[in-house]
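Residue numbers (our numbering), protein chains in the order written: chain A, 1 to 620; chain B, 1 to 333; chain C, 1 to 539.
In case anyone wonders, no lab produced these hints; they're calculated from the structure.
Here the structure is a predicted model, which means the values were calculated and not measured.
All C-beta atoms, glycine included, are put in the ideal place defined by N, C-alpha and C.
Where hints are given, some of them may not hold.
Using 20 Å as the maximum straight-line C-alpha spacing, the simulated PhoX-like pairs for lysine-lysine come out as follows [to be verified]:
(1) Lys581/A - Lys10/B
(2) Lys10/B - Lys520/C
(3) Lys273/A - Lys462/A
(4) Lys497/A - Lys462/A
(5) Lys10/B - Lys215/C
(6) Lys10/B - Lys227/C
(7) Lys317/C - Lys270/B
(8) Lys429/A - Lys206/A
(9) Lys227/C - Lys215/C
(10) Lys349/C - Lys317/C
(11) Lys462/A - Lys206/A
(12) Lys520/C - Lys227/C
(13) Lys394/A - Lys406/A
Facing chain C, from chain B, some residues (calculated, C-beta under 7 Å) [as the list claims (entries may be wrong)]:
(14) Pro12
(15) Asp184
(16) Ala207
(17) Ser231
(18) Pro233
(19) Thr274
(20) Thr276
(21) Ile277
(22) Tyr280
(23) Asn294
(24) Ser306
(25) Cys313
(26) Tyr322
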Amino acid sequence: MDLHFQGPEATPDEKAAVDTVLGPPTSAWSGGARNLEEEGRSTLLGGHAARAERHLLLPVLHAVQSRFGWVPPGALDYICRRLTIPPAEAYGVVTFYHLYSATPQPASVAHVCDDIACRIRGAESICLHLERTIGPEGSGGWKRSPCLGRCEQAPAALVLNSGESQVAVSLAPASATEIVAAKSSAEHVPDGFESLRTSIPQFGDKSLRLLGRAGRVDPGDLSAYRRSGGYAALARAFELGPEGVIAEVLSSKLMGRGGAAFPTGRKWEAVAKAPGRPHYVVCNADESEPGTFKDRILLEGDPFAVIEGMTIAGFATGSSRGFLYLRGEYPVAATRVQAALAAARSAGLLGEEILGSGFSFEIELRIGAGAYICGEETALFESIEGKRGEPRNKPPFPVHVGLFGKPTVVNNVETLANVPLILAMGGEKFAGIGTAGSSGPKLFCVSGMVERPGVYEVDFGKTLGDLIAMAGGVAGGRTLRAVLLGGAAGVFVGPDKLSMPLTLEDTRAAGATLGSGVVMAFDDTVDLGDILGRIAAFFRDESCGQCVPCRVGTVRQEELIARLRNGETLGTHQDELALLKEIGQVMRDASICGLGQTAANAIESALVSLDAWPERKESR
Amino acid sequence: MSEQDSLWFKSPPPPHHPPEPPVRKAPEMVAITIDGAEVRIPATATILEACRSVGIDTPTLCFLENLTPVNVCRICVVELAGARTLVPACSRQIEPGMDIRTDSPRVRLARKMVIEFLASSVDLSTAPQALEYARRYGADSTRYGTSRESDTSHDRDTRLPGHHHVPEGIGAETVEQPVKVDNDLYVRDYGKCILCYKCVEACGEDAQNTFAIAVAGRGFDARISTEANVSLPDSACVYCGNCIGVCPTGALMFRSEYEMRQAGIWNESKQTSTDTICSYCGVGCTLTLHVQDNRIVKVTSPIESSVTNGHLCIKGRFGFEYVHGGLDQQADG
Amino acid sequence: MFGAGGGTNSYREVEETDVILLWGSNARETHPIFFHHVLKAIHNGAKLFAIDPRRTSSARWADSWLGLDIGTDIVLANAVGREIIAAGLENREFIEHATTGFDAYRQAVEPFTLESAERETGVPAREIQAMAHAFAKADRAMICWTLGITEHHNAVDNVLSLINLALLTGHVGRYASGLNPLRGQNNVQGGGDMGALPDRLPGFQHIEVDSLREKFEVRWGRKIPAKRGWNLTQMFEAMEHGDLRTLYVIGENPVQSEADQSLTRHRLESLDCLIVQDIFLTATAQMADVVFPSAAGWCETDGTVTNSERRVQRVRKAIEPPDGARDDIAIVCELARRLGYDWVQPDSKSIWDEVRELSPMHAGMSYARLEAENGIQWPCYDDSHPGEMYLHSRLWERPIVGPPAAFHPVENETPIEKLTPEFPLRLTTGRRLDDYNTGVQSGGFSSPLRRGESLDISPEDARNLGVEEGEIVRVSSPRGAVEVSVRIDQGLRPGLTFMTPHFQDEVATNILTIDATDPKSGTAEFKAAAIRIERLGAK
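If we strip away everything but chain A, and leave its shape as in the complex, we get (with noise of 0.2 Å):
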């Protein structure tokens, strides 16, 4: 390509940080010193073969964010010489996530969460706090943030210190002077994995079966996962061969566990016969779904079953290559994820001829870098490629049209570490836990104003009432006002639901949704307007702008909340009332993606199941 280069040079601190992932640049073509045996008479330039590099875009970008604390105009220039992408598409890329910046800001920076499980949890006091005592959110090192994904903990903040070797510093419960602490610390030693103990209340029941590991195994201890049976669902899946295994999770009846309940057998299944080649394994783990958890206690507790989870999956489905995007925001899970992938790979589970089978696989850990929106399977390939996360337009689906335009399966974490137990039971066996409609065991992600929030595993079929009182009921005692189920893409529910069984079927039923699993419940003393606002404002966010009804639907509903909260109506409040079902609609009509879809969901589901606006008055 003919690119154009206009920006300073790059420093060679800067150069460094990129080639610590790139390796150094072979010549000046690509941003290192002439080269005339390389670059005189022939060279590869921008053709085909280079322009394919784009998605290593991401990866490149963390090394120099961790390194910067931004991404400097130079560095920015000098990896795109060196991946053949052009400089504006690149800061568009660099300006679409929230973990990347694009103009200089402190080198560290507190990402505190302030979404709806912290909120509630004491995070705006810590949010005043820190700007009286470091200074104004943004140039005083602090940033409010989305769900950081540790509602069972919260309040919660991410640490992020730039330097040689970034510091990455996740706090739960945390407070405001453990975050500036933290904002100054050099190193930091993760808890060990036994801490995960306090998410898991559970913990130390024989009959989980996902969580059964998670807290008592070591993490980083291949062999101890294999004495615990790990990687025998993996031996029986090569005795099965893929359409033996694709015929036991069809008769597992597993359905996805991300949010979309599709079956996983037969999304298998589609991509196993779609005839384009290659064909990919992608393990959704960008859990950001306000109030969800789950799938990081897997990761940090479990990766293998996770790792083997997808080995099976590329199996089945004839793929030789897997990528598993997490959520930027989960640095523990990741350091976790790179160790196991390393040690499958150095065991030959990984790699080739796994188990002397025939079957070759590998799997990439990419990272995601703030972006709710990534979690939607297309906007989620197209960040692995290198892009923005826009999410495209379905049909096709991705096992048509997937990563890299390739047959891909796409499963959520907690799927793929179902799909070992799977195995070693049967599909049969594991089609008989739960309820008919409802298959297997399932996290709950527990949250808000209960005594003992967490993750909780139960088999489908328990009342949303049980679980609540698994986790200790109210907490305080106090009355249960509502609970939001799903998430911010969710639905509210009103204690009149509390004998409404977590099943798929049953919350189809009732016009709720089971979502990622959250469960989130709020006292009588939580201000419902302030939820309501926080909801909106985080569609609005992390909407990625690419369509009307969502990129603007989602500002006109959060403004429109704004005015009912201040009673500063246009109209009256019916008037307002319809506006925002007709805002509702044309979102969930005619919006790309799930996320546009979704947007109104909880705000509506609060004004039909809670009555969150009684009308108060007539507006001037």
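Could you slot chains B and C onto chain A? The hints should help.
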């Protein structure tokens, strides 16, 4: 060249059959239902093409025949029986048995809301097509309050993803911002930008492949930007003008047109347009010369041209000035 | 070789080809909209090979760039041919069915081994081999070229060497396979179509073929000289010898566009009478005895032009010409009247209808059809003929229609002007995106890209000469010297320098270039002069 070669002197006889492209199998005709009437349409058609072929006028803003459909404006959505959501007509390929409604209450509401959203956030004063849709669907952009006084309009180019000021008061936020005039050929007025992606596509893979502009930022703060928001002269721009050629709202405009409009002398009713061929290289691009008062005021190219597909280069687009130099003009190399 | 000269394929076919050899062409800048079609091909998966001494903006899109030394194109082409034969990749069936002279060709290219080609061209053998294999194995492949092939003293041989490759592989006469020279001016193809060649009448009908010439004589009621005339180079030589005393120049600016400007100026000064018909008072017009101000053909008159895909297209009058300027038809008719021939002034359509009457390849192209079909590609023999999308399909018909196509073995000749200790650097010339030839037209608009003339040199030469970016230096060739600022270009290797002809009034690049011309085509060797660079004292 050997003179013994008789072909040098006499043309060879013509082939028995004029050369033709390889035979492509004609697409199968499939039956679908549009607004209750069954029609047969080639299987490769999109819903939009199907609608147009039966005379149904489907509104579009981000769609253009010479660009890949991005289906982002969503004004072309139609209702498809059995689908959970409405579907974009511009990009969705038809399938046998589809039952499509193009004017249902859901469709009309979605189209009205889309145009209301745009009209309440963007200056559509030079977007006649959008204004016509607003009339057609009864859009009322005042329902969202008056345009919010935007003291932050200058910072739209540097807004950070994931962070915004929580709305106060009752105004509707807009994309208002100062006009960018940084070179002699183009003006960029992003207060008029509906983010249809057409300019990005024309600058990118669908035509020019220069990639001087891309979408930056996120959500409502998404905007068209050069690398690091530098001025056009510092950017990769090669001034082909193809972004202007596809812009549906006048956000991108030739400097000459912008200045004539500012001076109040732009008058389309007095303009003629004449197709001719570019005077520069031998590619033979069709130019449409827009002439007012015997002066060329704008140059475009027809989308149907198999040579240009509607796209030009800097010389074809802007290189006409010399014909207005008069006889005394010196060759000033 | 193939009769009428023109690109064999349509632009739309480019988008669907598999391999493109872009040889001596920076189409990205000089034919930008043609390159759009190439880019579509690339995005459809086609491989692009760029053969150019410079790493041009076109080369930057290539999957492989072959940076050969100036004037070694035939070595490279012959080596490609030899490698194709050595690897058994030639299209035997096509060669036997539709060509003659293969054995002679094979023998002629035999010495051009990959190793010797690497030595002579500088291009690594593996790159030559890879290109040869990709080209030969492709289902569809095209060779496109521009002045990098034709502005050499052996231009025709260069072209023949490429034609040989197409014959060898059967990449001609089929959809999306062929040979496509890109024309530099909007009607250079049309000028040829209309017989603006020394040996041709309209429709490429040879003036020395009695039956063809007589057809015109009957129609025009006049005898036509039965011998071909002079080409441009021969005309200038005739001026030198005093054989040409009067010159009527229409829409050309030879003072600035010809190589070796001083010599050109001297020759024009020696004429008895110089008439210039132009829309500008060009440097040539300023020397003229008589100037006919004319209208701008493309927007102030009606007519047709022909593009590089042989598409005859209508130009239309959109604006009135300035006072005093007249349509070319009016000028010619008025001149005829003054010379005693009172032609009733025809309009462009009736002239076109006369062309159709006399030129079989244009016969089917009525104005009505040209309007309705957005132009038609010649040949188009009658009202129902669609025009030929690609040429030479006759070679694939069974049995073949007409005579087979002949291989023409060619030998390489290095540039006339050798590098010497006195003039140790190679100067080549070319064009940039926003300017055009001598800049007479493009100078009329304000381009934000324009940065004036420069001498582009490699970083190594800059270092050796101790010159910096932007420094004004004196550049001398055996014919003269200019002063110009230096620009350092990473796309050049040591020893190679580059200039454009765009700013002749400021920097007369063509003072430096050599007028050594190809005896067969009359093209000057603009692509290869020898120069030296000197710093201008202390600054």
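Taking the hints in turn, this is what the structure says about them:
Taking the CA atoms of Lys581/A and Lys10/B, the gap is about 78 Å. The hint is violated against a cut of 20 Å. This hinted pair checks out: Lys10/B and Lys520/C have alpha carbons roughly 18 Å apart, not beyond 20 Å. At most 20 Å may separate the alpha-carbon atoms for a hinted pair to count; Lys273/A and Lys462/A exceed this at roughly 37 Å. Restraint check: the Cα-Cα separation between Lys497/A and Lys462/A comes to about 13 Å, which is no more than 20 Å; the hinted pair holds.
Between the alpha carbons of Lys10/B and Lys215/C the distance comes to roughly 14 Å, so the proposed pair stays at or under 20 Å and holds. Restraint check: the Cα-Cα separation between Lys10/B and Lys227/C comes to about 16 Å, which is no more than 20 Å; the hinted pair holds. With a C-alpha separation of about 17 Å, the suggested pairing of Lys317/C with Lys270/B holds against the 20 Å cut-off. The hinted pair formed by Lys429/A and Lys206/A meets the criterion: a straight-line CA distance of about 19 Å does not exceed 20 Å.
About 16 Å separates the Cα atoms of Lys227/C and Lys215/C, which keeps this hinted pair within 20 Å; it holds. Under the criterion of a C-alpha separation no larger than 20 Å, the hint pairing Lys349/C with Lys317/C is consistent with the structure, at around 13 Å. With a C-alpha separation of about 19 Å, the suggested pairing of Lys462/A with Lys206/A holds against the 20 Å cut-off. The suggested pairing of Lys520/C with Lys227/C holds, with an alpha-carbon distance near 16 Å, which does not exceed 20 Å.
For the hint pairing Lys394/A with Lys406/A, the CA-to-CA distance comes to about 14 Å; that is within 20 Å, so the pair holds. Satisfaction of the interface hint for Pro12/B is found here, the shortest Cβ-Cβ separation to chain C being roughly 4 Å, below the 7 Å cut-off. Look at Asp184/B: its Cβ gets to within about 4 Å of chain C, closer than 7 Å, so that hint holds up. Interface restraint check for Ala207/B: the shortest CB-CB distance to chain C comes to about 6 Å, inside 7 Å, so the restraint holds.
Evaluation of the Ser231/B hint against chain C yields a violated restraint, the C-beta minimum of about 10 Å exceeding 7 Å. A distance limit of 7 Å between C-beta atoms decides the matter here; for Pro233/B the minimum to chain C is near 5 Å, and the interface restraint holds. Interface hint status for Thr274/B: upheld, as the beta-carbon distance to the closest one in chain C is roughly 4 Å, under 7 Å. Taking 7 Å as the C-beta contact cut-off toward chain C, the hint placing Thr276/B at the interface holds, the least distance being around 5 Å.
Against a cut-off of 7 Å between C-beta atoms, the interface hint on Ile277/B holds, since the closest Cβ of chain C lies about 5 Å away. For Tyr280/B, the suggested interface contact is upheld, since its CB lies about 5 Å from the closest CB of chain C, less than 7 Å. The interface hint given for Asn294/B is met, as the beta carbon of that residue sits about 5 Å from the closest beta carbon of chain C, less than 7 Å. Of the supplied interface hints, the one on Ser306/B holds, with its beta-carbon coming within about 6 Å of a beta-carbon of chain C, less than 7 Å.
Taking 7 Å as the C-beta cut-off, the interface hint given for Cys313/B holds, the closest approach to chain C being about 4 Å. Proximity of Tyr322/B to chain C holds as hinted, the smallest CB-CB distance being about 3 Å (cut-off 7 Å).
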